[in-house]
Amino acid sequence: MGKYTEVLNQNTKRRHADYERQLYQTYLTVPEWRNVEMAQELGTFLKEGHAFYRFPFFRQLFGLWGIFVDSYRTARRHHTVSELIFSEYMLMNVFISAFTTVSFILKGILSLLLYPVLNRKNKTAFQDSVADLVTEYANFLQHTPFYYFNYLSKLSIVYNAFWLSPNKTLADVVSLCVTTIELLCRHAISAPIAWWYSQPQNAAADRIHLLIKVDDPLLNLKRIDKEIKIIEQWKKTDALKQNQYYHITVPRYATFQKIATKLVRHDVKFKKIAGQDKIQFKIELTDDKPLERYHVLYAYRNYIDNKKIVEIDVTTKEFNQTVRNLRKDRIRIRNMHDF
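Okay, so the sequence shown: first residue is 1 according to UniProt numbering, each after it adds one.
Hints listed in this document are in silico derivations from the structure and should not be mistaken for laboratory results.
All values reported here derive from a predicted model rather than from experimental measurement.
Warning: the hint list may mix true and false statements.
What the hints assert, rightly or not - In silico EDC-like pairs for lysine to aspartate or glutamate, Cα to Cα no more than 20 Å straight-line:
#  : residue 1 : residue 2
1  : Lys-13    : Asp-206
2  : Lys-213   : Asp-267
3  : Lys-3     : Asp-277
4  : Lys-317   : Asp-277
5  : Lys-154   : Asp-132
6  : Lys-213   : Glu-232
7  : Lys-229   : Asp-18
8  : Lys-328   : Glu-284
9  : Lys-258   : Glu-182
10 : Lys-307   : Glu-48
11 : Lys-262   : Asp-215
12 : Lys-328   : Asp-313
Said to hold, decoys possible - Between beta-carbon pairs, the in silico distance windows are:
#  : residue 1 : residue 2 : range
13 : Ile-85    : Asn-167   : 49 to 57 Å
14 : Ala-188   : Asn-167   : 26 to 34 Å
15 : Thr-315   : Arg-15    : 43 to 51 Å
Quick reminder that beta carbons are idealized off the backbone N, C-alpha and C, glycines included.
From just these sequences and the hints, can you work out the full model?
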């Protein structure tokens, strides 16, 4: 990274307390996002008419803890043990993974009991409603933490769907009981966490800071996306051209990826992301494409379809070219883990 960029980076750190985020955050977000994926996969599984007790709960749980270990090992390359195990991200990962473990073990045991005696399929109106609820929850998590989901309000919707379903089955009765218990448990766990993060001093950041370089003097960043907020601007002039540097903020989560992709399309260079030189991408493969030109960290599967999920390391210097290469190779970017 150039000296000019480093000077801007250090000065921006001093002026903006929330500018820099720790590098481990891009690596330790994976277990939490895997929980989102598992909800999406369950919703799709139910929507296709498969009975919930056919879902591979134990294999998915095994995969989750494998990802937990891999994400820790990756972050450990850049941080000490104490920095990681006492971090808020690690504590949240342990909490979410522990809850998922208890939930999936209980569902898995129940599935072992129901598997031999009930039908493989359960194409009912009520199961469709449960699938819609699970999918709604997964979509909610794409932009908002789980503890802000209104679990209790969904109980009346679930019971109403059950009573109105014209073709209820024994599997639906069991599903109603499981869904009720899970909604109540998730509400009980989420309520105190939501209260904690609703306090001004504990509020989670909803935007991320970027240091970017623009070569085109006519480019209007606000026209690229209205969510881009310009904090500062600098001009660097040499013998050949004038470059413009910007300190901007954009929303986190899925919106970050959308805006980052637009910036690449306009050839905007990423110099720093949350004060860091690296970010992790999650990519999806449907076949064994060669990945030699990417820095692969680890990979996993969901045990439902033939998709392979790969986590790769991307430097800010290679950010634009990596996005272009992935598009050229027809590889989908599932997530840019934005700290």
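Report task. Could you tell me which of the hints above the structure violates, numbers in ascending order? Result -> 9, 15
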